[in-house]
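K.L.:
Take a look at the letters that make up each chain.
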Amino acid sequence: MDSFLLQILNGLDKGSAYALIALGLTLIFGTLGVVNFAHGALFMIGAFCAVTLNKLLTLSFETVDETKTDFLGNPLKVETPYVEAWFGPEFGGALIDWSVPLAILLAIPVMVGIGFVMERGLIKHFYKRPHADQILVTFGLAIVLQEIIKYYFGANPIQTPEPSALRGSIDIGTMIGFEANRIIYPIWRLVYFFFAMVIIAGVFGFLQFTTFGMVVRAGMADRETVGLLGINIDRRFTIMFGIAAAVAGLAGVMYGPLNPPNYHMGMDFLVLSFVVVVVGGMGSLPGAVLAGFMLGILESFASTTWATTTIPGINQIIIYLVAIIVLLTRPRGLMGRKGVMEE
Amino acid sequence: MSKSNLTRRGVLKTGAVAGTSLAVPTIFTAQSVAAYTNEPTGGTVTLGFNVPQTGPYADEGNDELLAQQLAVEHLNGEGDGGCLNTFTSKALKGNGILGKKVQFVTGDTQTKSDAARASAKSMIEKDGAIMINGGSSSGVAVAVQGLCQDAGVIFMAGLTHANDTTGKDRKANGFRHFFNAYMSGAALAPVLAKEMGNDRRAYHLTADYNWGWTQEESIVASTEALGWETVNTVKTPLASTDFSSYIAPVLNSGADVLVLNHYGGNMVNSLTNAIQFGLLDKVANGKDFKIVVPLYSELMAAGAGENIKGVLGSMNYNWQLENEGSKAFVKSFGEKYGKPPSNSAQTCYAQVLLYADACERAGTFNPCGVAEALEGFEFDGLGNGKTLYRAEDHQCFKDVLVVRGAQNPTSAYDTLEIVEVTPVEQVTYAPNHPMFGGDEATLGECNPGA
Chain A
1 MDSFLLQILN GLDKGSAYAL IALGLTLIFG TLGVVNFAHG ALFMIGAFCA VTLNKLLTLS
61 FETVDETKTD FLGNPLKVET PYVEAWFGPE FGGALIDWSV PLAILLAIPV MVGIGFVMER
121 GLIKHFYKRP HADQILVTFG LAIVLQEIIK YYFGANPIQT PEPSALRGSI DIGTMIGFEA
181 NRIIYPIWRL VYFFFAMVII AGVFGFLQFT TFGMVVRAGM ADRETVGLLG INIDRRFTIM
241 FGIAAAVAGL AGVMYGPLNP PNYHMGMDFL VLSFVVVVVG GMGSLPGAVL AGFMLGILES
301 FASTTWATTT IPGINQIIIY LVAIIVLLTR PRGLMGRKGV MEE
Chain B
1 MSKSNLTRRG VLKTGAVAGT SLAVPTIFTA QSVAAYTNEP TGGTVTLGFN VPQTGPYADE
61 GNDELLAQQL AVEHLNGEGD GGCLNTFTSK ALKGNGILGK KVQFVTGDTQ TKSDAARASA
121 KSMIEKDGAI MINGGSSSGV AVAVQGLCQD AGVIFMAGLT HANDTTGKDR KANGFRHFFN
181 AYMSGAALAP VLAKEMGNDR RAYHLTADYN WGWTQEESIV ASTEALGWET VNTVKTPLAS
241 TDFSSYIAPV LNSGADVLVL NHYGGNMVNS LTNAIQFGLL DKVANGKDFK IVVPLYSELM
301 AAGAGENIKG VLGSMNYNWQ LENEGSKAFV KSFGEKYGKP PSNSAQTCYA QVLLYADACE
361 RAGTFNPCGV AEALEGFEFD GLGNGKTLYR AEDHQCFKDV LVVRGAQNPT SAYDTLEIVE
421 VTPVEQVTYA PNHPMFGGDE ATLGECNPGA
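Heads up: the protein sequence lines correspond to chains A and B, in order. To convert, note that position 151 of the first sequence is 151 in this note's numbering; the numbers rise steadily by one, no gaps. To convert, note that position 125 of the second sequence is 125 in this note's numbering; the numbers rise steadily by one, no gaps.
Mixed in with the good hints there might be a few duds.
[Claimed, not checked] Okay, derived cross-link-like pairs now, DSSO-like style, lysine-lysine, Cα gap no bigger than 27 angstroms in a straight line: (1) B/K282 - B/K309; (2) B/K309 - A/K55; (3) B/K336 - A/K68; (4) A/K150 - B/K112; (5) B/K309 - A/K68; (6) A/K77 - B/K309.
The set of hints was computed from the structure by calculation and includes no laboratory data.
I would like the entire structure built from these sequences, with the hints used as guidance.
P.N.:
What follows is the structure, encoded as structure tokens:
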């Protein structure tokens with residue numbers, strides 16, 4: 001039972017990342033009708049917002065410690081971050097320590113800006129082109145973006161640790177009546193799950209309870225009619241592209257402490273997220289979220305020793321297996337609308 | 001009026017012969033007039049450095065390339081000479097190789113076997129490379145080694161740790177300076193016994209490809225010989241990025257040691273995940289839980305950050321070694337590039353010098369002469385201490401380092417500390433050891449290519 005609960009938690013955690021990326025993908029597809037293969041790269045850039053802020057906060061000046069030597073036998077140069085010198089070691093240290101959550105503040109404008117530039121500068125020219133063209137151009141863009149990141153940050157993973165107060169793990173088992181040390185789970189993974197839930201709720205709330213959201217939903221249902229009513233739906237859809245980019249970016253910012261960011265992390269998620277979107281139903285926001293969590297949980301269970309010994313390799317194919325079954329039995333996906341991508 | 005002998009059949013025959021000649025790669029034909037593949041005829045000799053310049057190991061490849069460039073400088077008499085001053089063989093004079101100035105070309109392996117073979121082939125066929133060196137993967141090493149064997153050039157492997165490179169896949173034209181998985185197990189076992197005792201239960205997470213399997217096999221054999229029990233061995237897909245689903249079952253498996261047979265990004269992520277799950281704070285079977293990473297590299301240690309503190313592993317070389325060869329190399333590399341060399345850099349640097357030295361001692365670039373000069377060659381002064389290039393399998397035998405993630409590093413470079421220098425006798429095995437292909441494994445015949 002404890003192993004079962006642990007895998008549920010793992011699945012929710014994996015599913016959080018899938019759901020957030022798939023949510024952004026679906027927002028873009030549902031509004032602009034574009035299949036955005038650069039969405040994984042936006043997730044990766046979000047993670048590198050956290051890396052960048054951490055690097056900015058740890059910009060340092062050098063002092064020489066004559067009592068120690070470096071690897072060449074010269075006096076050791078000790079680096080002290082400017083923020084610690086300016087604000088004192090306590091507050092300066094806290095700023096560095098909390099750099100990942102603080103990076104949210106940096107990531108939102110950066111990602112919205114990147115979204116605008118992407119949409120206005122490149123993607124809008126492909127609205128009337130076939131989906132294959134859109135896939136090619138956005139995939140090419142993804143490669144360009146990841147090579148830019150590799151050029152500036154290198155190919156090696158970069159540690160972006162969580163705040164020390166949220167480091168380590170907690171014994172969830174004792175809270176729900178299990179023996180001690182049976183269900184131990186990392187605190188940051190729980191934070192990531194709750195963060196994802198807040199973002200998902202925020203996006204749904206925005207679309208459901210604001211006038212802007214209502215217009216966007218109307219545009220998603222019938223773009224032409226909304227346009228005939230004199231509403232500039234294109235501008236709203238551009239803003240939605242920026243919001244979708246920000247959602248992917250925020251998913252990346254908070255993901256850094258789970259697995260150190262590297263330039264390739266977007267590609268690792270991209271294909272899986274597309275499968276999530278297809279399983280959930282192209283253009284369906286609830287479908288993307290539901291499928292994200294469902295496939296995350298299934299993937300976690302498929303990685304258990306029991307599953308891999310019973311069906312070797314199941315951990316590598318489970319998501320695609322489910323996708324095949326869903327598409328065979330329900331071609332429009334779990335919650336897909338009739339007519340979307342069915343022509 | 002002249003009579004023409006031109007017939008339709010004749011034209012077809014001539015065309016077929018000419019077409020076949022053109023279709024056969026130059027690698028197998030151009031040298032027919034030479035004694036061996038890419039025999040240098042001018043005043044220069046070209047070496048081919050095949051390293052990952054793109055892909056996940058690009059940083060490691062870049063470090064290898066820096067070391068190879070440094071080696072070329074030293075061979076040509078530039079810079080401070082580095083290990084030419086400490087190398088026990090005095091055949092190299094700093095005037096190139098056999099009087100020819102050394103130049104080099106580079107290829108990008110991308111850490112993919114097919115790409116690595118293509119770049120090596122291009123360097124041999126188009127650029128006239130007479131030796132291929134470098135790489136950061138066993139799959140790549142085995143693939144390129146096979147190509148070099150067929151092409152008739154020497155392959156001086158870079159970072160490759162799988163037993164197979166000089167085991168079942170050994171080749172007469174291929175040579176490995178780097179240590180291997182068996183040696184990691186043999187070196188680590190006594191330290192593990194000393195630090196963790198003989199009554200431990202180990203859980204292995206293993207990257208699901210050739211290197212991971214051979215490493216797991218080696219570590220399981222070494223630790224079970226100590227009296228440890230292997231609770232479980234779980235294969236993880238190479239493409240995995242998150243290991244939480246694999247780490248979670250470890251908690252309640254009855255194991256008290258986690259062995260991560262991972263390298264590169266896999267290692268960084270699996271170790272980070274294991275620390276997040278609090279494994280190192282856990283007590284299992286009445287003992288403190290421990291994590292072991294059998295193969296370390298400096299770049300991976302940097303990627304893992306604070307998570308490696310106290311975690312044991314092994315290395316081929318570490319810049320903190322105090323022997324004269326190491327000091328000379330670190331000084332030379334450090335002054336030129338502003339950082340200490342990684343162990344992949346050191347193995348590539350050593351391989352280039354060893355190749356050049358063998359050419360000098362053999363008096364030829366002929367791969368068969370060079371191979372003969374390398375076989376059974378004993379040397380010192382390149383950073384690892386006394387070393388033997390064993391004739392039977394072309395594997396270097398030298399001391400192996402057991403290292404630990406430093407508790408209080410003073411800079412970005414001393415994240416690992418040397419725990420023990422395991423003597424070579426302890427890591428030596430028979431050439432026909434079952435893990436290395438047994439009696440069936442042979443080098444085959446040296447191929448000069450012509």
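K.L.:
Decide, hint by hint, whether the structure agrees.
P.N.:
Do the hints match the structure? See the list:
1. B/K282 - B/K309: 15 angstroms, holds
2. B/K309 - A/K55: 22 angstroms, holds
3. B/K336 - A/K68: Holds, because 22 angstroms separates the two Cα atoms, which is no more than 27 angstroms.
4. A/K150 - B/K112: Since the Cα atoms of A/K150 and B/K112 sit roughly 18 angstroms apart, the hinted pair holds (cutoff 27 angstroms).
5. B/K309 - A/K68: Holds. B/K309 to A/K68 sits at ~21 angstroms (cutoff 27 angstroms).
6. A/K77 - B/K309: 23 angstroms, holds
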